[in-house]
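Colleague: These are the residues of each chain, in order.
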Amino acid sequence: MKLFPIILPAALLTVCMSLGCRGADYDIAEVASTDYLGLDEELDREHPQEGDLQETSSTNPYPFYDSSFLCVNPNPPGEELMEEVESSGVCLHDAGERNHGTGWFFNQPWAATFIWSKIVRDTVILLVLAAVVFLVSDRTLSQRRRR
Amino acid sequence: MMRTVFTFAGMTLRSLLRRRTIYGISIVIMLALFGIGQIPSFGVEGESTFILDFGLFGLELGALLLAIGLASNIYPRDREQKTAMPLLAVPLSRGQYLIGRFLGAALVQAAALLVSCIGLMLILVIHGHAVPGDLIPATALLIIEGWFLLAVVFFFSFWTSPPLNAPMTLLLFIVSQMSVVQFVSLYPQAPGLMRTLRLILPHMDVFRIKDPIAHGMGIPDVYFLLAGLYGLAYMAFMLSVALAVFRTRDLK
Chain R
705 MKLFPIILPA ALLTVCMSLG CRGADYDIAE VASTDYLGLD EELDREHPQE
755 GDLQETSSTN PYPFYDSSFL CVNPNPPGEE LMEEVESSGV CLHDAGERNH
805 GTGWFFNQPW AATFIWSKIV RDTVILLVLA AVVFLVSDRT LSQRRRR
Chain D
2 MMRTVFTFAG MTLRSLLRRR TIYGISIVIM LALFGIGQIP SFGVEGESTF
52 ILDFGLFGLE LGALLLAIGL ASNIYPRDRE QKTAMPLLAV PLSRGQYLIG
102 RFLGAALVQA AALLVSCIGL MLILVIHGHA VPGDLIPATA LLIIEGWFLL
152 AVVFFFSFWT SPPLNAPMTL LLFIVSQMSV VQFVSLYPQA PGLMRTLRLI
202 LPHMDVFRIK DPIAHGMGIP DVYFLLAGLY GLAYMAFMLS VALAVFRTRD
252 LK
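Line order of the protein sequences matches chains R and D. With this note's numbering applied, the first sequence covers 705 to 851. With this note's numbering applied, the second sequence covers 2 to 253.
FYI, nobody ran anything at the bench for these hints, they're computed from the structure. Note that the Cβ used here is the ideal one computed from N, Cα and C, for glycine as well. Nothing false has been slipped in among the hints.
Chain R residues, not near chain D, derived (Cβ > 12 Å throughout):
1) Tyr740
2) Arg850
3) Arg851
Chain R regions said to be covered by chain D (calculated; three or more residues, Cβ under 8 Å):
4) 807–816
5) 822–830
Bound conformation, chain R alone (with noise of 0.2 Å):
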């Protein structure tokens, strides 16, 4: 009887947040702009993957990794090899952006400026649930003490 008037909230919050709170959390596949996310597809379709590789290349999937190439070449790689990298389908990207190996490291929250309106919102809503609890909580108190 005690837990009722915790227990009611929560089922009644429970059940409709359950009807409509897609989108309302971080996870950036709802979250994220079609643009932001189609960043991904479209890289995907630039850039061939491991299946597409294996597929033009059926002795050796990792061109890059060719041990008679290396031994041919054990200088630090130089404009020759990155010439040859770039024209065995293997896609090279500058460092520190995103791209399609990448997006779960810049899918964080630090990097998905997005998502922080929505820190904002929680902090908010936590700063007012934090008042709510303790005021509730006094008042049952000092009620109690009164009986």
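Position chain D relative to chain R; hints supplied.
Modeller: What follows is chain D alone, placed relative to chain R:
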């Protein structure tokens, strides 16, 4: 009123420093950092990335261990030794007791994490690597995460036993790191319920900034502020819930 709280926080701090738990956990953190620094790089570039990544992960785990080690036993011990009753009978209200205990433990935890951060900086310098400018703000975020975990441990300590407190806090720590998709996949038969639960649970990934720091990427200052405020707000919420539970407890 605040003077009473600060006096009680000072008493808590002194009693925690007399215990061996804090020194044991701090030694484990420092040994882990020392071990990370000893792994040979074999000339591979980016050794600092490795040290920073594992070092900050170690600090985060250290914050969790410190929260459990410091706070899980405070209230049960006060109750067992009958010191809680005389304290709450006259000089302190239950709110002052909780805030005083929390402040004392939070200060010890923050000091331990700061010392560990300085240890990590020393390891980087000894190995000839530059110390990233964001390491101190990152440690500050980890301290706030630690304070939040401390509030969670206090909340559990008012209605569970210490042996149950640690696994429950650990479980919350693990599920709070999960994304919505990962969390829903734990019980895919009820996606709505799981989605709602995930929305209510804290988002610890907000504090996870070791990846950009380890890879030398700049983090906007405003993000540190937002993440810090989020952590403090969640901490305040957990403390108010803990107080609400504590106010219903019968100490007899």
